[in-house]
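Chain P: place on chain S using the hints.
Below, each chain spelled out in residue letters.
There are 2 protein chains.
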Amino acid sequence: MRFSHAFFPTLKEAPAEAEVVSHRLMIRAGMIRRLAAGVYTLLPLGVKVQRKIEQICREEMSRADAQEVLLPTLNPAELWQKTGRWEAYGKELIRLQDRHGRNFCLGPTHEEVITNLISREVRSYRDLPQNLYQIQTKFRDEIRPRFGIMRGREFTMKDGYSFDRDESSAERSYSQMVEAYKRIFTRCGLTYGVVAADSGTIGGNFSHEFMVTADTGEEAISVCEKCGYAANIEKTPVVISLPKNEGGEMEKVHTPGVHTVEEVSSFLHLPSEQITKTLLYMADEKPVAFMLPGHRELNEIKAKNALDVTDLCLADSTTVERLTSAAVGFAGPVGLREDVHVLADSSLDGKGGLVLGANETDHHYIRAEEGRDFHVHAFVDLTLAQEGDACPECSHGMNFRRGIEVGHVFKLGTKYSEALDSTYLDENGKAQIIIMGCYGIGIGRTMAAAIEQNHDNDGIIWPMPITPYHADVIIVDMKDADCEEVADKFHADLCRLGVEAVLDDRNERVGVKFKDADLIGFPYQIIVGPKSLKEEKIELKFRKTGERKFFPFDTAAKKIKNYVSKEIESS
Amino acid sequence: MRFSHAFFPTLKEAPAEAEVVSHRLMIRAGMIRRLAAGVYTLLPLGVKVQRKIEQICREEMSRADAQEVLLPTLNPAELWQKTGRWEAYGKELIRLQDRHGRNFCLGPTHEEVITNLISREVRSYRDLPQNLYQIQTKFRDEIRPRFGIMRGREFTMKDGYSFDRDESSAERSYSQMVEAYKRIFTRCGLTYGVVAADSGTIGGNFSHEFMVTADTGEEAISVCEKCGYAANIEKTPVVISLPKNEGGEMEKVHTPGVHTVEEVSSFLHLPSEQITKTLLYMADEKPVAFMLPGHRELNEIKAKNALDVTDLCLADSTTVERLTSAAVGFAGPVGLREDVHVLADSSLDGKGGLVLGANETDHHYIRAEEGRDFHVHAFVDLTLAQEGDACPECSHGMNFRRGIEVGHVFKLGTKYSEALDSTYLDENGKAQIIIMGCYGIGIGRTMAAAIEQNHDNDGIIWPMPITPYHADVIIVDMKDADCEEVADKFHADLCRLGVEAVLDDRNERVGVKFKDADLIGFPYQIIVGPKSLKEEKIELKFRKTGERKFFPFDTAAKKIKNYVSKEIESS
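From first to last, the protein sequence lines are chains S and P.
Here the first sequence stands for residues 6 to 576, where the numbers follow this note's numbering.
Here the second sequence stands for residues 6 to 576, where the numbers follow this note's numbering.
Any given hint could turn out to be false.
Any copy will do: because identical chains look the same in the list, a pair fits if it lies in one copy or spans two.
Unchecked claim - Mimicking SDA-like on lysine to any residue, the simulated pairs with C-alpha atoms at most 25 angstroms apart in a straight line are:
no., residue 1, residue 2
1, Lys564, Glu552
2, Lys416, Ala11
3, Lys566, Gln86
4, Lys566, Asp70
5, Lys549, Tyr234
6, Lys249, Gly393
Just so you know, the hints here were simulated from the structure itself, not pulled from any lab data.
Pulled out of the complex, with its shape left as it was, chain S reads as follows (with noise of 0.2 angstroms):
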């Protein structure tokens, strides 16, 4: 590919809302163009890398027995609707009528119609088990797409289902899934590591997510370093032990004006983790409260899962007044109204002598107990972690890193299959239901990760299996035919070898031809000027490490094809 024919529109400037290096990076390279918000066009390097990820995906896939299909983006709403996801899935999903009226939505994932595919064609345990993949573009209506694509609203996906007939064979399919994914990410040139991890609106019994460790990452992770134990912060679980409190009656004080748990902390000369604060929340429109001790936050994805809603917000304080006919700061569970579902975090569990809102303006209780002042509907984990919590394994404390989830893996059991009726008749003719196992990874945001994993103050540093040319052979000086010639010769080698290589014959000074270069992030960057023609050299300058190596002209183009296998090789 010749420069000065390509389209490769790099910029000195990234425009001011690219906010994370890999997005400015992308739009300086000429590898992306933002057409709407969370919408992209790829360019020509961008398009080279994504299909250079596809490819090392089918080629795993392939490995791991996965067959590629493609399922319509169109997806019918009776689908969703009897997973119940028309609804849950709420605003990111994006609606359509067709010209008759009928209701479609565009696939944000694919668990519906590969569900129902697989409840239409598969009728017996021999035809299990199954697993099926493609890869396709997505879309989810992001209330806050950002990132450039790495948080987009319309993004390429690999998605994967497995399909069997057993628990231990759904086990099966979810380790090869997880091994296959280990060697794509591996293969991409990509540090990450596999974690513990919340299945949000997908659903399903537990997930891992493929964190690639980046400081600008939008995923905090949990991460102990002596056992090795890792998971996102969302779903970390947290064991505090709370101080013992003084026992005997409960007592309500005077408190005035003492609203939050540091000034109730402070009237009381009592630690904040001795208080509990009692937040009421509306879980699909029916009023909750968490119960925690004073000094932690509540993590919401465990109170929606443990409540098992959809939606999950805040009261307002309207209602928080309603509820406790107290101003906002009193909250309790003592002489809450009865519909008010009360759950506690764990740590909470047996104590006595609990300081709590009374459910009246500038009141607490003190001395509360459960089972005999109040009662809870259950006792769960509740708490956000924190850095420097137990490790749940092995109880050393544990640090936060922040990361780029790159890849999901889903054990989904029944949800989606009971839903659409996908079953399979076993050796004895029963009907049996079969078990799932969904498996997703983002291109582009693979593409993205690779880059904040890879840059410097110059730009990208392309890992060789993903780069999107090897090399760039650069001509120094455009008024020496030689020079031209030698390049071009050499180009064309290269390029009859199997590397893949741009010319950069532009009338430009050799300086815009180095920080292009640079920028783009070609691995090597092979430089013809009056200095190699006159010692018959060709120059090699390594991107990552900015070393140089000097080869004759006569087997340079073999020497760089051999080092350009070897880096691939070695990934």
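Coordinates of chain P only, in the frame set by chain S:
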């Protein structure tokens, strides 16, 4: 791939709604399944073929210096409003609103988005020419989706766009694409023709279609066997010479109950070609009249283009009666309401002695003459071509063929670049409008067309370059462990040599395996049975000819590899 693990759900019968052979065979061979009207899932065998066609497209696009991009499916309404197509595209355009109420459509084609991109990125003549393409899912809400993936509402397309500084450069880009398309369809193993065509909703100066000849094709083509001229009949110019009529004074004659051309012809003892029929239409809600020789039909595409309107439909009887003040069957240009725009077919230009409806029930005029008795706004070619019409190039009588449109190339001129302000600065720093071309291949339709051209009563006969697998290794007797072992080893040998092979290891009767092999259409069937074992020979059956060959075990795999390579190279 082991057949026993594969997701190849073959069927004995196709559903009743599958009208054409490709649709029936794609369903029966387990390549596609219907999700909704015009919305299909591609199963593994379908995806395999699609990916091969895509790969051929990519290679030929790259050879023709076109670069791959990926434009968004979500197209902002504003761009389509600028070109006027937000309205003009009608109900085929699928529209939706995002969570903020902003209007988008799902791209049915991408002139707007890519022209907008180019208008932002191209500055100077040095940035031109550019030729960008993508392979992407398109959405068109067809009024009558049919024939499986041949005319679907969601389908994969290779669409490309060229941008040039002047006509001669645009001409070169157009020719390059025509040549690339020829190579693509040839490499796919198709017999096709390139025909002049109408530009439809895409617009522009002129266009050519790539037509795969097939009896079931939706399109009719006129072909001149003498000079090679070919065109879609929608586009075929018609030159009719009518006999000279008797002149003289115009006269109104009483023609009671005589409505149709045939009735007038028999009443007046004149051949139908000497009767002039006047058809009333509504064109973008305004009345128009078309005059034609009585023996020919109106070509509505020509009529639409002549008027440059979006919507053209036959006037209903109430409208006809209102416009003519007469019953249906007596419309004519003499004394017609002045607001009716009248176009006459070129064959009537300069003709006197016309027989016309008199705009009065039960009356006709005879010996009417344009210019004297009435006026037409223009004489243009309005006639639908018929088999036997004179070739516009050499006047030889033309034949009709049926075809499937698999590709379409358009010289767009400046239609989109003007609307979207896509300009470049020339050598003198003066802004000039960019000249465009656009180019499309229906990937799924190409697959269906290949089946229409390559099948027999037993199933598909894949051309080697796009077959899902090259060979099917059939184990004749699953109870014979030797048989299975040899077949297994042979399958592995083939795969190692790069022959894409299936191993039919199902516990099925061999008759079922043969039937499925014929149905799916593997070019080579390799039969491993007791006879092979005894003679230490592999039996190869060619799907296309039924011919059988036998090769010794040790050389068979290499031999087959060579056959495959040769067949791919020779296409």
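For each hint, the structure was consulted:
Taking the closest pair of Cα atoms, lysine 564 and glutamate 552 come within 25 angstroms of each other only inside a single copy of the chain (16 angstroms); across copies the shortest separation is 48 angstroms, beyond that limit. For the identical chains of this complex, lysine 416 and alanine 11 are inter-copy neighbours only, at 22 angstroms across copies versus 45 angstroms inside a copy, given an alpha-carbon limit of 25 angstroms. In this homomeric assembly, lysine 566 and glutamine 86 never come within 25 angstroms of each other (Cα to Cα): the closest approach is 54 angstroms inside a single copy and 50 angstroms across copies. With identical chains, the CA atoms of lysine 566 and aspartate 70 are at most 25 angstroms apart between copies only, with a shortest distance of 24 angstroms across copies and 31 angstroms within one.
Taking the closest pair of Cα atoms, lysine 549 and tyrosine 234 never come within 25 angstroms of each other, the shortest separation being 32 angstroms inside a single copy and 59 angstroms across copies. In this assembly of identical chains, lysine 249 and glycine 393 lie within 25 angstroms of each other by CA distance solely inside one copy; the values are 21 angstroms within and 103 angstroms between copies.
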